[in-house]
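Colleague: All chains should be built: construct the whole structure from the sequences, respecting the hints.
Protein chains: 2
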Amino acid sequence: MRRVAVTGVGMTLFGKQPERSLEELGREAILAALHDAGLEQDRIGAAYCGNALGGGAVGQRVLADLDIGGLPVVNVEAACASGSVALHEGWLRVAAGMHDVVLVFGVEKLSDRFDGVITLDRGHESETRLGLTMPASYAFIAQRHMAEHGTTREQLALVSVKNHKHGVLNPKAQYRTEFSVEEVLTSRMIADPLTLYQCCANSDGAAAVLLVAEDLIHDSATRPVWIRGTGLASGTSLRRVRDMSYSEIAARAARAAYEQADISPEDVCVAEVHDAFTIGEMVACEALGFCERGRSGALVETGETELGGRIPVNPSGGLLSKGHPVGATGVAQIVELAHQLRGEAGRRQVEGARIGVAHTLGGGVAALDGVACAVTVLGV
Amino acid sequence: MRRVAVTGVGMTLFGKQPERSLEELGREAILAALHDAGLEQDRIGAAYCGNALGGGAVGQRVLADLDIGGLPVVNVEAACASGSVALHEGWLRVAAGMHDVVLVFGVEKLSDRFDGVITLDRGHESETRLGLTMPASYAFIAQRHMAEHGTTREQLALVSVKNHKHGVLNPKAQYRTEFSVEEVLTSRMIADPLTLYQCCANSDGAAAVLLVAEDLIHDSATRPVWIRGTGLASGTSLRRVRDMSYSEIAARAARAAYEQADISPEDVCVAEVHDAFTIGEMVACEALGFCERGRSGALVETGETELGGRIPVNPSGGLLSKGHPVGATGVAQIVELAHQLRGEAGRRQVEGARIGVAHTLGGGVAALDGVACAVTVLGV
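Quick mapping for you: the protein sequence lines, in order, are chains A and B. 1 is the number of the first residue of the first sequence in my numbering; add one for each residue after it. 1 is the number of the first residue of the second sequence in my numbering; add one for each residue after it.
Honestly, the hints are just simulated from the structure, not real lab data. Be aware that one or more of the hints could be misleading.
[As the list claims (entries may be wrong)] Footprint (simulated), chain A over chain B, 3 or more residues, beta carbon under 8 Å:
(1) 62 to 74
(2) 93 to 100
(3) 233 to 245
(4) 289 to 303
[Said to hold, decoys possible] To be clear about the criterion: a stretch of chain A counts as covered by chain B if any three or more of its residues have a C-beta under 8 Å from a C-beta of chain B, and this derived list gives those stretches:
(5) 193 to 202
(6) 229 to 237
All values derive from a computational prediction rather than experimental measurement. Just so it is clear, CB atoms sit at the ideal spot from N, CA and C, and this is done for glycine as well.
Modeller: Here it is, written out as structure tokens:
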């Protein structure tokens, strides 16, 4: 299989943009990525689109609107991991030699569609019937983590404090406001122990990256960022889950990605992980090996995951501050890591970052221990 | 890239089955395919699921229900071509050497969800606002075909007559009733010239196939059916469409698949094509090269596409008679062709069939000339 580089990245603002269409959001991100890569759009051989809730043929609709028509377009859905799974499939297509240049983009528009409850299962709606919405699913994990490992409410809040602090430095972020631990803890209770400022918002936005085969990377000016490893895992039946406070699915995806990249957790310089809720970042950090199992409370408390710390996590502001337009999220993580690894992240730059890891998790625990997890290792 | 074989196929009955869940339908098709292949489920390395309208994480939900958990699962959406695009992606994964055994399945449940109108665009609903529903889109094509090529209403009706005649021979088909040309023409008008019996129904059902790398095909008893070519194309903007009576998108997908398979249209022994509406089969036959452009009316009239004819089309009954559970349709075509190429199609067997072609088209003409087209060439 060929090595695959990310040579161009782009994204829109994340936030409430009810007046903009999916097509308009997608167009802006794709044109930005093409411009960044210095590629004309007729070089694109195939495209992958990550989207969860936008209806049918979203990728084709966006590309036809851009007058990039005719080529193979594959729409990929994996709940909150949709964009990351699209990236995995795009990588496979280039690595396998099917196409030399593949566009991967994610787009979502949530602000004008929902009353606040997003479920996976349109048929049975077991999640809403049982009350097992996303915040409730994550609250179960948080409660178990507190019971098993002595994790405190303050430690959970610190994840939000840190990510909002990072988000202030990101001009694309939805919420650019710092909060104190006190403010996070006293914001409205959503699902105990998760308060409002510990839950990401529904956002509108798009992100895009261009993947190029190593054979075409001649010009050092293109500053390639290599996809060194990419792992996917899916959820198992809940009855197989032994420890609700640990993300087995993320550990499986990480193992696959690290093996392919031939790295260990100690090699990671910067990470973007799925902090849809504060506890989500904590269990991701454990599964990715940034600390021992059960020790993610101490990890955030000691500042190790803050900018300037040992392993900065979510320098972009993460889902909590940057926002979470579902299908775009996984692709936007790659946009952030590409900027970090190229040394272009400005005031939120992780100095000397050479290896970055992205992690997304789709789905809650209504029927599964998460439905899909993707871990990607990038390197320069 | 490695050669990839279909070694096991399975499907449910197609039809109105409102009492059965997506999970139950998927399970039946997958277990049938595993049984047919003589494989245990722990041999599956990854899975692809084609689904258009079932909500989030459909593939993961079906597999967790089967207790096949943990592995990479990718959900693919391409409107009516969803199952075919899932097959393409599954083929790529095996061909590239990522996994040796990949499950591809499609599942859909429509009977209890819709009031009869299915649209792609949940945001703008431009299709329904303009009246450009699927039957209307195809009616435009039919009108243009009649105007350009002198195609008659009787020729259109003959497609339905033929496919229902075939469907009587298929125990999995939704409608197993023969109709006369007169009956088809006098059934209720849906979108002139398309009458009710020229439109497929909304169905529930699932289909599954197992793809295996050539390295693992030791035993001649597995009767491998090889994927010789697979082409995808997407729609271009309507303003680029020069002739509404011709399916450019299908011609592009067919060209890619035929080139990869190194065949010409004359080599094809049997075909399953996307007859969501009678005119759909006609324009597909032209684009696939079974007759000259504009001559598909004569093709059906002379009996060449009937069982026993020169190039039997839709021996399964097609979407018109077998039914159209959207995500399952493209996979079910492969099920039918595998039976045909193995010589196991019983009373609807195409004698001596060695090469089969499957064609699906997703989407109407509201914004595009179709949104996605997939053509697959199978051979023994």
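Colleague: Are any of the numbered hints broken by this structure? If so, which, sorted upward?
Modeller: 4, 5
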